[in-house]
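Undergrad: The lines below spell out each chain.
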Amino acid sequence: MSDTLSRRKLIKTGLVAAAGASGLAVAARIASRYGLIPPDHRGIYGIGETLTYATQRLLTSHDSLAREFSRSDISSIAPVNGEPPEYEPYLRHFAEGFASWQLTIDGLVAHPASFSLEDLKRLPSRTQITHLACEEGWSYIAQWTGVPLSYVLNLVGVLPQAKYVVFFAFDKKFDSLDMFDAWHPQTLLAYSMNGQDLPKRHGAPLRVRVPRQLGFKSKKYLTHIEVTDKVTNIGSGQGSSSPDKGYSWYGGI
Amino acid sequence: MRALHRLDSSRFSALVRITHWVTTLSFFGLLVSGIAIFIAHPRLYWGETGGLGTPYVLAFPLPFMKGGPSGWGRSLHFLSAWVCVLTGILYVLSGIFTQHLRRNLLPEKAEPFWSSLRRVASNHLHLRRPTEEDSLTYNILQRLTYLTVIFVFFPLLIWTGFAMSPAIVSVLPGTVTLLGGQETARTIHFFVASFVVFFFFVHIAMICLAGFTARVGAMITGRRVTKVDRP
Numbered sequence: 001m002s003d004t005l006s007r008r009k010l011i012k013t014g015l016v017a018a019a020g021a022s023g024l025a026v027a028a029r030i031a032s033r034y035g036l037i038p039p040d041h042r043g044i045y046g047i048g049e050t051l052t053y054a055t056q057r058l059l060t061s062h063d064s065l066a067r068e069f070s071r072s073d074i075s076s077i078a079p080v081n082g083e084p085p086e087y088e089p090y091l092r093h094f095a096e097g098f099a100s101w102q103l104t105i106d107g108l109v110a111h112p113a114s115f116s117l118e119d120l121k122r123l124p125s126r127t128q129i130t131h132l133a134c135e136e137g138w139s140y141i142a143q144w145t146g147v148p149l150s151y152v153l154n155l156v157g158v159l160p161q162a163k164y165v166v167f168f169a170f171d172k173k174f175d176s177l178d179m180f181d182a183w184h185p186q187t188l189l190a191y192s193m194n195g196q197d198l199p200k201r202h203g204a205p206l207r208v209r210v211p212r213q214l215g216f217k218s219k220k221y222l223t224h225i226e227v228t229d230k231v232t233n234i235g236s237g238q239g240s241s242s243p244d245k246g247y248s249w250y251g252g253i
Numbered sequence: 254m255r256a257l258h259r260l261d262s263s264r265f266s267a268l269v270r271i272t273h274w275v276t277t278l279s280f281f282g283l284l285v286s287g288i289a290i291f292i293a294h295p296r297l298y299w300g301e302t303g304g305l306g307t308p309y310v311l312a313f314p315l316p317f318m319k320g321g322p323s324g325w326g327r328s329l330h331f332l333s334a335w336v337c338v339l340t341g342i343l344y345v346l347s348g349i350f351t352q353h354l355r356r357n358l359l360p361e362k363a364e365p366f367w368s369s370l371r372r373v374a375s376n377h378l379h380l381r382r383p384t385e386e387d388s389l390t391y392n393i394l395q396r397l398t399y400l401t402v403i404f405v406f407f408p409l410l411i412w413t414g415f416a417m418s419p420a421i422v423s424v425l426p427g428t429v430t431l432l433g434g435q436e437t438a439r440t441i442h443f444f445v446a447s448f449v450v451f452f453f454f455v456h457i458a459m460i461c462l463a464g465f466t467a468r469v470g471a472m473i474t475g476r477r478v479t480k481v482d483r484p
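Protein chains in written order, with the working numbering: chain A, 1 to 253; chain F, 254 to 484.
Note that these hints are calculated values from the structure, not bench results.
Derived DSSO-like pairs (lysine-lysine); straight-line CA-CA distance at most 30 Å: (1) K121(A) to K173(A); (2) K173(A) to K200(A); (3) K172(A) to K121(A); (4) K172(A) to K319(F); (5) K245(A) to K230(A); (6) K245(A) to K172(A); (7) K245(A) to K319(F); (8) K319(F) to K173(A); (9) K245(A) to K173(A); (10) K319(F) to K200(A); (11) K230(A) to K173(A); (12) K245(A) to K200(A).
Bound-form chain A, shown alone (with noise of 0.2 Å):
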């Protein structure tokens, strides 16, 4: 190999890397800018979770629906993963019904708003027949009623810096969707399913639906939401409760 040519090649070479160095800033501004990072981007997974969360960001749209499905279709075994909460205050909210349970709304909105059961009910709702899979394999398809959380969203109006939408369950977890996810017209507040009142054991009395992503994003047993602009300082800082054991922030896979 003539001096030239390999001088010319590691020429070429460094101009690729700070090509690529440089593309690389450049892209991860642009991504935190449009809200392409997910809060568990840390470490040599978040790399993966990442490009995932950043592409399905970019694929889907406001208009993209999980499929429907008809009476039918509806599942006769609705498997759960964990036990409802077995202790105080669930406990006695259940035997009451939920008749003095409320669901409080507030951080980033105009009009901090606190919604008993009846209230909820009395909203404008939706009824869908959706699929959920488990990310352990799992999945059944069930009817879900509830009102649109981007109603409840515009009823409390979310302020202009708001980027994520955090649930704090009875089972001292939380989980947070971002505005996306939030605003989607199939992501639900559910309080009936199959026509029934929300079984104890799918989260009673009120969970979140997100059919664009696996039935964990779904929390169950909701107490509190809060609107923010950041996640960093709930729990270990990554969204939710999940990645402290291991799973990703994000669902949609």
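Guided by the hints, dock chain F onto chain A, whose structure is given.
TA: Chain F alone, transformed into the frame defined by chain A:
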């Protein structure tokens, strides 16, 4: 005298070698993480839904490993999948551009397809060791096998993977409806992955038969190292 004769002619291009080993690495990542995900629920179903208490296609006699391996398993699976897919795209595009696919993987025109297939199959059945000439190029069975893995198995794995993603299905519902359901996609994903694992073991066995050090050396250095017995 036994002499190690090194040929200057390049057997594998740098791009083929790099993509080969990166794919190998991502293959192990995908395999280990695939098992980690699968053991959370080692049962396979057909149709849209399935779970404990519903009819199944196949149930492995394994415990259900809940709350653990499937967490890091998913993270490693999708990280490895990104590496594998991006490497695969680079390999196929460069393979078209450099004519590697046409020259080295499509069946050769020189010899009629069926007669070359018969000749190679007979060599294998009689357990004839490959000659030095054989290691210069891929025979018809190798070509068909590699083409199947690259253009049938990997695309099927990606497709069935997409069909299991609720977000992708919301944009491309056909990915899952054409297969007949999300659990069907999972089951096909499992069996195609099993075929790739089977390919891996046959691939290793063939390399051992043809001379492990020489063949792996060729895929690392790009040079063909031949051992020639000289009187």
